[in-house]
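Participant: The lines below spell out each chain.
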Amino acid sequence: MSKFRKKKKETPALSTASLPDIVFMLLFFFMVTTTMRETDLQIDAPRLPSASEVKKLEHKSLVSTIYVGKAKDPKYGTGYNKIQLNDKIGTPDDVPAFIINEREKVSEAEIPFMTTSIKADKESNVGTLTDIRLKLRDVNALKLSLSTQKGSTIKK
Amino acid sequence: MARRENPEINAGSMADIAFLLLIFFLVTTTMDVDSGISKKLAEKPPKDYVPPKIKMKNIFEISINRNNQLFVDGEVMELKDLKEAAIKFIDNGGGIGNPVEGEKEGKSCDYCGGERDENSSDHPNKAIISVESDRATEYGTYVTVQDELLSAYTELRNRLSQKRYGMSFNELEQLFIDSGRKDEELRKKVEDVKTSYPQIITDLDPTGAN
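As you go down the protein sequences, you meet chains D and B in turn.
So that you can map any letter, position 32 of the first sequence is 32 in my numbering, and since no number is skipped, the others follow by simple counting.
So that you can map any letter, position 187 of the second sequence is 343 in my numbering, and since no number is skipped, the others follow by simple counting.
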């Protein structure tokens, strides 16, 4: 009798053997799609204005980004008009040097296709943008993209 | 009776390791593609440059003051009415346009659906929209204005494209891009719609001190 009693049904344990497979699949997905933030933001992440007529920026290596917003470090003041180039806060006068530096990273043939993307906070002033624009024009960096998020701010 | 089976490797912690990595990449990932309003800056004019004379009626003047209010052709306007006013101005077609490449004389706009008012713009390729903003204008408002103007052009282009080629301009352009930008026939169509309603938006240097 005892022989039969031993074969009493137990609830089978849920097999978790395939769990690593699932997780690895997700892991590879995120590994492939990930892009590391290459610059540390010295300003508060800009709250981008929204717009609907946007164009996607392609060829990431040809894009140089200028951030405009409020500096994290209070010694720069509280205005929303601080400009960040690469890793430090700069002035519009630093823009040409920044662009020329960016140009050295790409081959000569691709320079005309370089785009400058301006990520500015929506409370920044147009004056700052104009300063940057004039400097960009000085170094012939004529392709400009005003970074926005999708959506519309106007209530119809 | 020697029962020396291969001891199984415990794979239970494998999931933990993978989760750890997964969470790391989840946090560092940024999926959103950068997108924005694209603008082309004008080249620096030479010193002896004389700006061409343009009739006032061909200019659509928008000024934004430091309180983010809009003045259009001397009148106060709400942001939501801007698109309609811009469409009305661009699509007016009251006169004769600039000559197209390869032709000597300009033609009147035969595809415009506007009122053909003599005191408004002559032709879409003559209609200039100028945006003047104060230095202290908020960037958000400025972008919204640009966006509204672009969407006015998009609407006009879509309408024309629908009429001529039976699909909206967005679809047409997408087809062209999908063809690897090689399909000559599609290129002609895209160019045709683009030159019919060219985007002429200029930014004046801001007024006022910061």
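Accuracy of the hints is not assured; some may be wrong.
[Stated by the list, open to error] With a cut-off of at most 25 angstroms between alpha-carbon atoms, the simulated SDA-like pairs for lysine to any residue come out as follows: (1) D:Lys-56 to B:Asp-334; (2) D:Lys-88 to D:Lys-55; (3) B:Lys-319 to D:Thr-65; (4) D:Lys-150 to B:Lys-239; (5) D:Lys-55 to B:Lys-345; (6) D:Lys-135 to B:Leu-182; (7) D:Lys-150 to B:Glu-240; (8) B:Lys-196 to D:Ser-61; (9) D:Lys-55 to B:Phe-180; (10) D:Lys-143 to B:Leu-360; (11) B:Lys-196 to D:Lys-75; (12) D:Lys-55 to D:Arg-103; (13) D:Lys-135 to B:Pro-202; (14) D:Lys-55 to B:Lys-213; (15) D:Lys-88 to D:Lys-150; (16) B:Lys-239 to B:Glu-261; (17) D:Lys-75 to D:Thr-65; (18) B:Lys-338 to B:Val-256; (19) D:Lys-143 to B:Asp-172; (20) D:Lys-56 to B:Lys-338; (21) B:Lys-244 to B:Ser-191; (22) D:Lys-150 to B:Pro-202; (23) D:Lys-150 to B:Leu-182; (24) B:Lys-213 to B:Asp-266; (25) B:Lys-244 to B:Met-170; (26) B:Lys-239 to B:Leu-182; (27) B:Lys-319 to B:Leu-360.
These are calculated hints, taken from the structure and not from any lab test.
Quick caveat: nothing in here was measured; it's all calculated off a predicted structure.
Participant: Confirm or reject each hint.
Facilitator: Do the hints match the structure? See the list:
no., hint, result
1, D:Lys-56 to B:Asp-334, "holds (15 angstroms)"
2, D:Lys-88 to D:Lys-55, "violated (28 angstroms)"
3, B:Lys-319 to D:Thr-65, "violated (40 angstroms)"
4, D:Lys-150 to B:Lys-239, "holds (18 angstroms)"
5, D:Lys-55 to B:Lys-345, "holds (20 angstroms)"
6, D:Lys-135 to B:Leu-182, "violated (38 angstroms)"
7, D:Lys-150 to B:Glu-240, "holds (21 angstroms)"
8, B:Lys-196 to D:Ser-61, "holds (19 angstroms)"
9, D:Lys-55 to B:Phe-180, "violated (30 angstroms)"
10, D:Lys-143 to B:Leu-360, "holds (17 angstroms)"
11, B:Lys-196 to D:Lys-75, "violated (35 angstroms)"
12, D:Lys-55 to D:Arg-103, "holds (23 angstroms)"
13, D:Lys-135 to B:Pro-202, "holds (16 angstroms)"
14, D:Lys-55 to B:Lys-213, "violated (31 angstroms)"
15, D:Lys-88 to D:Lys-150, "violated (28 angstroms)"
16, B:Lys-239 to B:Glu-261, "violated (31 angstroms)"
17, D:Lys-75 to D:Thr-65, "holds (23 angstroms)"
18, B:Lys-338 to B:Val-256, "holds (24 angstroms)"
19, D:Lys-143 to B:Asp-172, "violated (47 angstroms)"
20, D:Lys-56 to B:Lys-338, "holds (20 angstroms)"
21, B:Lys-244 to B:Ser-191, "violated (29 angstroms)"
22, D:Lys-150 to B:Pro-202, "violated (38 angstroms)"
23, D:Lys-150 to B:Leu-182, "holds (23 angstroms)"
24, B:Lys-213 to B:Asp-266, "holds (19 angstroms)"
25, B:Lys-244 to B:Met-170, "violated (65 angstroms)"
26, B:Lys-239 to B:Leu-182, "violated (41 angstroms)"
27, B:Lys-319 to B:Leu-360, "violated (35 angstroms)"
Hints 2, 3, 6, 9, 11, 14, 15, 16, 19, 21, 22, 25, 26, 27 from the list above are not met by this structure, while the remaining hints are.
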